[in-house]
Amino acid sequence: MKTKKQKSIKYTVNLKAIIFLMVLAAIILSIVPLVRPNILIGSEPYYHLRLAESPFAKYDELSYSGRFRLFSAWPLVLFSISKIFNTSLLFTSKILPPILGIFSALIFYFILRKTEPNPLIQFVASFILIISPSFVYLFTISNSHTMPVFIGLLSFLLILNNRRILASLLILTLPFFGATHALIAGILLLIYVLKEKKLFYLPVLFLLILVSLYPVLLLGFPETVRIGNQSTLTQLISDLGASFGISIFALILAGVGLLKLWEKKYKHIFFYVILILLIIIMFFQIKTIFYLNLFLAYLATLGLVKLMEVKWESETIQHFLLLILFLGLFFSTISFTTTLTKIEPNEEIIEGLLYLKSITKPTDTILSHRSRGHWITAIAKRKNVIDENYIYAPDVNQRYADLQKFYSLRDEKEALKILKKYSVTYIWLDKAAKNLIWDKPNQGISFLLEFSDKIKKIYKHNNIEIWEIRAENTQNNPK
Amino acid sequence: MKIKPSILIIFLLILIFRIFFIFQTPHFGDSEAYFTIRNIENIIQHKIPLFNDELSYSGRFQLFSPLFFYFLAPFYLVLGSIALKLLPALFISSLVFVTYLIASKITKNKTGVFLATLSSAFVPILIFKTLNNISIYSFLIPLIFYFIYCLITIKRRLNQAVIISFILPLIHPIALFLSLSLVIYLILAKSEALKVSKLKKEAILFFIFVTLLVQFIIYKKAFLDIGIRVVWQNIPYSMLNNYFKEINLIEAILNIGALPLIFGIYGMFYGLFKRKKNSIFLISSLIITTTALLAFKFINFNIGLVFLGISLAIISALGYERLFNHIKITKIFYLENPLKFILVLLIIFTLIVPSFLAAQKSIKNTITNEEVEALEWLKLNAENNTITLSSPEEGHYVTQIAKQKNVIDTNFLFIKSIDERYSDVASIYTTISEVKALQLLNKYQVTYIYFSERTKKIYNITKLGYIEDKACFRKSYENEKTKIYKVYC
Chain U
0 MKTKKQKSIK
10 YTVNLKAIIF
20 LMVLAAIILS
30 IVPLVRPNIL
40 IGSEPYYHLR
50 LAESPFAKYD
60 ELSYSGRFRL
70 FSAWPLVLFS
80 ISKIFNTSLL
90 FTSKILPPIL
100 GIFSALIFYF
110 ILRKTEPNPL
120 IQFVASFILI
130 ISPSFVYLFT
140 ISNSHTMPVF
150 IGLLSFLLIL
160 NNRRILASLL
170 ILTLPFFGAT
180 HALIAGILLL
190 IYVLKEKKLF
200 YLPVLFLLIL
210 VSLYPVLLLG
220 FPETVRIGNQ
230 STLTQLISDL
240 GASFGISIFA
250 LILAGVGLLK
260 LWEKKYKHIF
270 FYVILILLII
280 IMFFQIKTIF
290 YLNLFLAYLA
300 TLGLVKLMEV
310 KWESETIQHF
320 LLLILFLGLF
330 FSTISFTTTL
340 TKIEPNEEII
350 EGLLYLKSIT
360 KPTDTILSHR
370 SRGHWITAIA
380 KRKNVIDENY
390 IYAPDVNQRY
400 ADLQKFYSLR
410 DEKEALKILK
420 KYSVTYIWLD
430 KAAKNLIWDK
440 PNQGISFLLE
450 FSDKIKKIYK
460 HNNIEIWEIR
470 AENTQNNPK
Chain G
0 MKIKPSILII
10 FLLILIFRIF
20 FIFQTPHFGD
30 SEAYFTIRNI
40 ENIIQHKIPL
50 FNDELSYSGR
60 FQLFSPLFFY
70 FLAPFYLVLG
80 SIALKLLPAL
90 FISSLVFVTY
100 LIASKITKNK
110 TGVFLATLSS
120 AFVPILIFKT
130 LNNISIYSFL
140 IPLIFYFIYC
150 LITIKRRLNQ
160 AVIISFILPL
170 IHPIALFLSL
180 SLVIYLILAK
190 SEALKVSKLK
200 KEAILFFIFV
210 TLLVQFIIYK
220 KAFLDIGIRV
230 VWQNIPYSML
240 NNYFKEINLI
250 EAILNIGALP
260 LIFGIYGMFY
270 GLFKRKKNSI
280 FLISSLIITT
290 TALLAFKFIN
300 FNIGLVFLGI
310 SLAIISALGY
320 ERLFNHIKIT
330 KIFYLENPLK
340 FILVLLIIFT
350 LIVPSFLAAQ
360 KSIKNTITNE
370 EVEALEWLKL
380 NAENNTITLS
390 SPEEGHYVTQ
400 IAKQKNVIDT
410 NFLFIKSIDE
420 RYSDVASIYT
430 TISEVKALQL
440 LNKYQVTYIY
450 FSERTKKIYN
460 ITKLGYIEDK
470 ACFRKSYENE
480 KTKIYKVYC
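So the protein lines, in turn, are chains U and G.
Sequential numbering of the first sequence, starting at 0, is according to numbering that gives the first Met the number 0.
Sequential numbering of the second sequence, starting at 0, is according to numbering that gives the first Met the number 0.
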């Protein structure tokens, strides 16, 4: 039975831990928005920004020059928050993820307080989570995983606190953010049901599946996308250049943590099953890393604990090793945050896109690398040929193949045929896009673009180039 | 540990030997020495080394560990070029003490230790590679072997081993090679049921861990850009292939030394299967790793031979011990002392004399006064922002002495399409087609062509095949050893 004094000390320690974690999260998550106050990072935030302008629209006129628009709840959240607080969508896109991040970190800590008896592990795991590159990405950049991870954590905390109805309602919102979230939530919920025998959640699981299947019932299964050639390793490890990934130091510690967990063999079988399932899903949807990261933070903490517990012959080596690993975690965060602040678009690109908007008509179609697709639609407000929103995109594999062929062509006639097929009226390329398409200068169509009189360069400034297609019958042809 | 006078004499001998040669020329042997000087000068001026180099490859980003340059900078500031001549000689000569310490752990036979130490000081390839160069290997090699000594005496030298575990990976990626050899050591020890203390294991694993992390952090960009080629430092394939084609086995043996080779191999096998000591296993694993890496061309050939030569010299102490012990129990036991004398003579003829010849060859290969004059003329007379073509081996002369942009030098890491560039430069020098030459010269925007006796030797030519066209090419400078042409088309 704890005395009043013991309870008071425990309360003070907990409060200090909570304040520390909140402040840490606030500092880390505010670095990128402060360094880049007016420009969003990457292309996905611009996509959500554009959808948030009309969150209930069923048809997207710009993406892929026109396509069916599957409902996504994140733009609706952005729209609602900006309306409630009377802020611009841009401002909301920048501020909402860090706020959700602070609360997510706190919720994670409270979850651990319920599930892990050791206060040191509770605190350190939360700390490691906050400084992990995946967490920084997730709650710095406006993306479709920000809200679901927050909701997922909140639901689980509510489940642990026996708030069944509220937890169930929250879980049922997840399919509106994407099928992957529903799948992961479903798997975690199922495992929880099996472990704790809480059968109340079975109907919730059933409803979750039903709601998740709605798009499939409506539109059928989406085309299997065969795009992208980055190795899983470079997508997985933030230190190898992944846009969001796991620190190699955390990975090493998590490996040691797994060894510690394995000391109790099959007592943690459900934990292993969750890990394995998440890793499998990650090979199909790399952004599952955001969920996996929550478990890895815990494992990494166990790894640290194990390294501290093991009897070392040399305390010097032990201390240095722990120091290196700890510093390594910080290094990954700093390195990753620095990289994030440099991700395009930059002011030159914005300027180029705004110029494109000024010289083109709303019905014009712009061809560029697929990674520029969302900028073309969101900033230049023009149609694109392809972007990175592949799910239920019209003929996505065909388009990709056609564009790959286009980039390698030296035959003007063939090139114009492809441009005509997609009613392209302008080509927009920045320096980085060119490096993504070609290894060397004057390869493929880039040679033709310099000398063709049917594809004329009309803008060259700050590494941005725009070409106008002047061949007949390429303009305003419905696809 | 008390150092014997005989070892001190060997140290002084090798130091004087080196100093004798290095002061025969005011210049440095390897063009990479000039890259080092550029970095040191940049550190003195701007506090940072040349990560962004405007001259190399006409402007490029490069990545390397700058610790070595920062270390040399204060000495250069105070003493000038003399420091850069003396310091490497001093450090590499100190290898003698380290090899003595290790050999003393391998065997108690004093003569064997003395002969091994003497052999290690005069490995011909070591002399050739480190004489009159501001070579990082002058510092690395004694440090690596000292680290091995720390592992052998880990209880007393744990802190030193930990410190070196941080320094070595920061200086050079060859720490990876040492990590591999330590892994081989652990495997060998396990397979031969040799007891390795827990402390030693912890020290080894700590070193491997720190090395992997440091190299990962420093070279991850290189790995992402060029993939597995980072292992070979992105050396052009044709250069790599040509290099290994030129290997002559007899020459390789002479570069290591026949005596260390014979007694070293015998000592290694005896030590691995009979004596079973940790010190022997450590050196043997270094030999095995180096041999394997050389066989698969994962390591620079000369550097591989250096490590092989020194390791074999150290472990030959055991071979000598076995020989003397064997003689003692035979009827010719009275020949023990004459035999020692004969071995010393053999070392003189098979190691010291070849080392002398290697030293002469190294000094002969040093940049000449005429070449320096030509480059200085270029520095004073070339217009701003012009690009000078030279062979890769002379690229650093162009950037450091002439202060001009070059087309290619021996820092290949991070250069995209290096094979194409290397091949283009070779084509410019060897082609007889003026059209092709001009096409390539315009591709790299070359204004001057540097053409020395060294260039002729590298490309096996006597002149440039298209240089007669005075409309496009005019000789701007000429002396006995070098010509510089200006490109007008």
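Think of the hints as simulated: they come from the structure by calculation, not from any bench.
Don't take every hint at face value.
[What the hints assert, rightly or not] Partner residues are not named here, just some residues of chain G that face chain U (Cβ under 7 Å, in silico):
(1) Val161
(2) Leu198
(3) Glu201
Small disclaimer: the values here were computed from a predicted structure and weren't measured.
Note that CB positions come from ideal geometry on N, CA and C, so glycine has one too.
* Which of the stated hints cannot be reconciled with the structure, identified by number in ascending sequence? -> none
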